[in-house]
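Trainee: Here's the letter readout for the chains.
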Amino acid sequence: MSITAGGSPKATYLVGGLSSDMTVEVLSDDGNSSVVRITRPGREARTLSFTSADLGDSRYLVQDLPKTTVIDALRGEKSSWTLLHGEDTFELSVRNERDTWLAHGAASAAGAQVTVAMPGKVVFVDVKAGDVVTRGQRLLVIEAMKMENDVKAPRDGVVKALRCNVGDAVEAGTPLVELDS
Amino acid sequence: MFRKVLIANRGEIACRVMRSLRELGISPVAVASEADARAKHVRLADQVVILGPAASRESYLRADRIIEACKQTGAEAIHPGYGFLSESEVLRDACDAAGIVFIGPTSSAMRAMGNKTRAREVMQAAGVPIVPGATRAARDGADVTAMAREVGYPVLLKASSGGGGKGMRLVEREAELVAAFESCSREAASAFGDGSVYVERAIIRPRHIEIQIFADKYGNAVYCFERECSVQRRHQKVIEEAPAANLSDATRRAMGAVAVKAALAIAYEGAGTIEFLVDADENFYFLEMNTRLQVEHPVTEMISGLDLVKLQVLVAAGQPLPFVQEQLVRRGHAIECRLYAEDPYQNFMPSPGPLRRYRPPTGPGVRVDDGVEEGDVVSRFYDPMVAKIAVWGDDREAAIAKMHAALAELRVAGIRTNRAFLQELLAHPDFVAGRYSTALIGSMGALVAKSPSEADEEQAAALAVVLAHRQDQARRPAATATSADRAWSVTARADALRRWGGAAS
Chain A
180 MSITAGGSPK ATYLVGGLSS DMTVEVLSDD GNSSVVRITR PGREARTLSF
230 TSADLGDSRY LVQDLPKTTV IDALRGEKSS WTLLHGEDTF ELSVRNERDT
280 WLAHGAASAA GAQVTVAMPG KVVFVDVKAG DVVTRGQRLL VIEAMKMEND
330 VKAPRDGVVK ALRCNVGDAV EAGTPLVELD S
Chain B
7 MFRKVLIANR GEIACRVMRS LRELGISPVA VASEADARAK HVRLADQVVI
57 LGPAASRESY LRADRIIEAC KQTGAEAIHP GYGFLSESEV LRDACDAAGI
107 VFIGPTSSAM RAMGNKTRAR EVMQAAGVPI VPGATRAARD GADVTAMARE
157 VGYPVLLKAS SGGGGKGMRL VEREAELVAA FESCSREAAS AFGDGSVYVE
207 RAIIRPRHIE IQIFADKYGN AVYCFERECS VQRRHQKVIE EAPAANLSDA
257 TRRAMGAVAV KAALAIAYEG AGTIEFLVDA DENFYFLEMN TRLQVEHPVT
307 EMISGLDLVK LQVLVAAGQP LPFVQEQLVR RGHAIECRLY AEDPYQNFMP
357 SPGPLRRYRP PTGPGVRVDD GVEEGDVVSR FYDPMVAKIA VWGDDREAAI
407 AKMHAALAEL RVAGIRTNRA FLQELLAHPD FVAGRYSTAL IGSMGALVAK
457 SPSEADEEQA AALAVVLAHR QDQARRPAAT ATSADRAWSV TARADALRRW
507 GGAAS
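Taken in order, these protein sequences are the chains called A and B.
Its first residue numbered 180, the first sequence is counted upward by one per residue in our numbering.
Its first residue numbered 7, the second sequence is counted upward by one per residue in our numbering.
Each statement offered as a hint is correct.
The calculated label-pair distances, taken between Cβ atoms and stated as ranges, are: (1) Arg342(A) x Lys77(B): 46 to 52 Å; (2) Gln78(B) x Gln292(A): 45 to 51 Å; (3) Gly381(B) x Gln292(A): 33 to 39 Å.
Everything labelled a hint here was simulated from the structure, so no lab data went into it.
Glycine included, every Cβ here is placed at the ideal spot set by N, Cα and C.
Extracted from the complex, chain B is given alone in its bound form:
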């Protein structure tokens, strides 16, 4: 087993990975940008190497610096987390060249799946159903226009190297196509260092259901059930659940079998996710494969009792999968909400800033994965996700109730969050009924702020005024005794009474 592993990531996922490493007795090494030099993931690590300036391109996306950091600290393996270089062949190849273990699939599996156009070809060849679309990246405006005409509107523009909802545009009319293509390409170039974009037929009102797979180096592969991620805003997942709300067991098994087949077709190793679009008749189409840990992996962990990160490390260290498919059992229902630093009342404008207050919920069946603590800053340089709040219940209804309670318990000040939006989603009749698609959020009107009661307003105003008044008084010169003096005399008096067996016990 490894003694030291470097986590080539930041935020909540770096923190989460470190927890499993510690359980395995492995010393975690953090990397950080200058902006993150004192971040929570750095505080949790045993060692840190600063990679460069705040911009990802100059820090977290620098494979050369990350390899250098491994050599400098003696880390034997790299866990890439998700995003950043987690699906980068460049880092994977550099690891191989430097004799460092990359906790993830092989370069060839990554190449097969990392480029979405190539992935479609590979999957089609393996007999996996795919969505109709072009099989190559568009060159320019004229090219994309021709491609979209061939595929038929509405189309989805997707960054070939994309993921996590960035670099994707739904285009319904040709008039909007070229502008969307350029914007998509720009975003992709800036986020992934690759501006190539391809065209796919948009399936209307699909569900997004994905299968977690796991494979070792010895040709063993299993699927760890499904996750439903249909609650998406601008292709960004907001709420995920496991198992899917309404899916026949026959479809569930069929999707699992196809996913395992796909993994074996590319000699996959480690944790992977096969994403499918599922239509109203439960037909499913391969969407993409993520050759890494997913953001929403906690819901799978909660219903399966597995620690996916621990498994990733074991498999990367050359151990066989410790179970076979028949031994995997799911129990109960799990839901995850992504808490974003954004203002749901102002078109979800990002809201970075200092976390003047941050008290996440706790309690039985509540799991919070975060990369911040109170006093930290939610930086504008990185993803606006503050925390993932996941809950487990005996069934879906219990899980929804628990999530309501958890969100009510959360206290955040200093930034705006999407909590009210999450609450509205959880209470939406279609979500409650478990009959929703990726069109759910688009079908909702603008979020209307619930105004607080007058009594609550007055109570808050009264407290603020009293506190302001006390501070104004304290600033006034020539008072007889400061409040600190008073506190001392009150304590002394209480102590004296207690000593004498008085009433102040």
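So that you can see chain A by itself, here it is in the shape it has in the complex:
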């Protein structure tokens, strides 16, 4: 396809969740054929023309001739997208200029807190405030889906505070143990 895609973009998006962030500019789009310009840090911009036929059910037949692929594209909350492309799953954040601006305000510094990636129940606690722990040492045990999972110290340190007790139901991301530096 030879579309001359000069001129100013219709919209610019920032895509995160890949090996490197990308700036993607929509140069043209008629609801089926699209031309975008992709810029990655330290790279020359690349222009991509393709068609994306909506197959219904959040599935798209993407033709970037001669290649043909069916991609499942599921929109999540806010600017998150999940794309199934062959055996790859892409969890992307797709932000327009306004989203990008809003997101910057919410950035927070990572604390010295130990959290779990999934909800569960605390069934055993090995440590108390003031304990010296070494990297990899078991701090507590969470039961989820009938299996016990060890929560280990991510690094050496001193337990500053214990934020859970045996029997607590904890949510993903809740700080359970605070480590001193």
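For chain A, the structure is supplied; the task is to place chain B on it using the hints.
Mentor: Same frame as chain A, now just chain B:
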């Protein structure tokens, strides 16, 4: 024959049992926890009784409620599936008292095999080879320490009422013993309602090969070949195959004969599995007997052409086995992969959540047993197994190739799955060669994520941006025509052209 049967289970096995019941013209009754009130097994059933809250102890493990559900719906028999109350004498006895048929062995056979320490004694008496170990449950830390010293390290701690890989710990040093014992006992108490744990010598690098047996009420017993389940992670089976990859026919027959002998020794009825540990010299030791249907039964069905659930129902209804040993013939090779909701890149952390996309593979020789559909939630309250993908091929090589194709076809979003790990296992040189033991997974390094190609990344990003852009545009006020309007006019125009014999046919 029964008119109505209640399935005292959930998930894929409840769905699978219902299929056979329907074939037999039997109306299936589901039970469910409140969390499962709209689950697939409920949708497939003719009736449902809600047992109680999400926690298994308050729902699927409530024998009293299950008996009540039978009375309420008029179900004449209970199929217990696997796990939950499938090996519970409590439910079995309650069935007998209430005049309900339990599709499974008798109470005495269950008692003989259900408690692993007693099972060892019974098997030893029947002349079945067993692994050295203690014959009773450990009382406390001091007791378990003494027992482990006597048996000799490394030892395996096992829940007396355990199964399915839960409540088991390998302990190599005495320093780790007491903590492991306590953790094992806790897990067993929570999963099986019995915290007792015993000690066994750990056989290093054994293969796990099991024999499917079937017996009727008239003293007929057969074995339906073997399954190899050596691909295990933390004693949890991951890939199973039938027949075993490399086993001499002499050993195969010897194991079958011992298994039949064991079944007859306890006057067994119905489907059962005798699990053996097999060492490098093909010596085999009785591990345990599962007095129920196994998770991995599909591979046996695929190579034998039998429907084990249908047979269970027929035998429970008092019919004799419809064949003798010599009539059983196996054909080809079958492999099953267990698809778990867990993240293989993050130490197999369970990954419950909504199945935003779920498209299982299909095609000739591909069988998927699942208990979910797209839009369902993989609940954190229950087992993390999402589906069993089983394939059949003329030989092992063909079956492996088919499994690769099936896994590539699978599409799942919303949860993490162990697919990449399954693919790595199937491609492992030892697995491909058919020369592996239960040590296979432990010997592998951490799974390294294959990074997608830049071109694929860019294609995905480009599509997501274009779709986001279209949605942003649609939200913008005061556009001339919405995309729906446009779609209507495009369709109308195409129709008009077609009517006039135009080019848009």
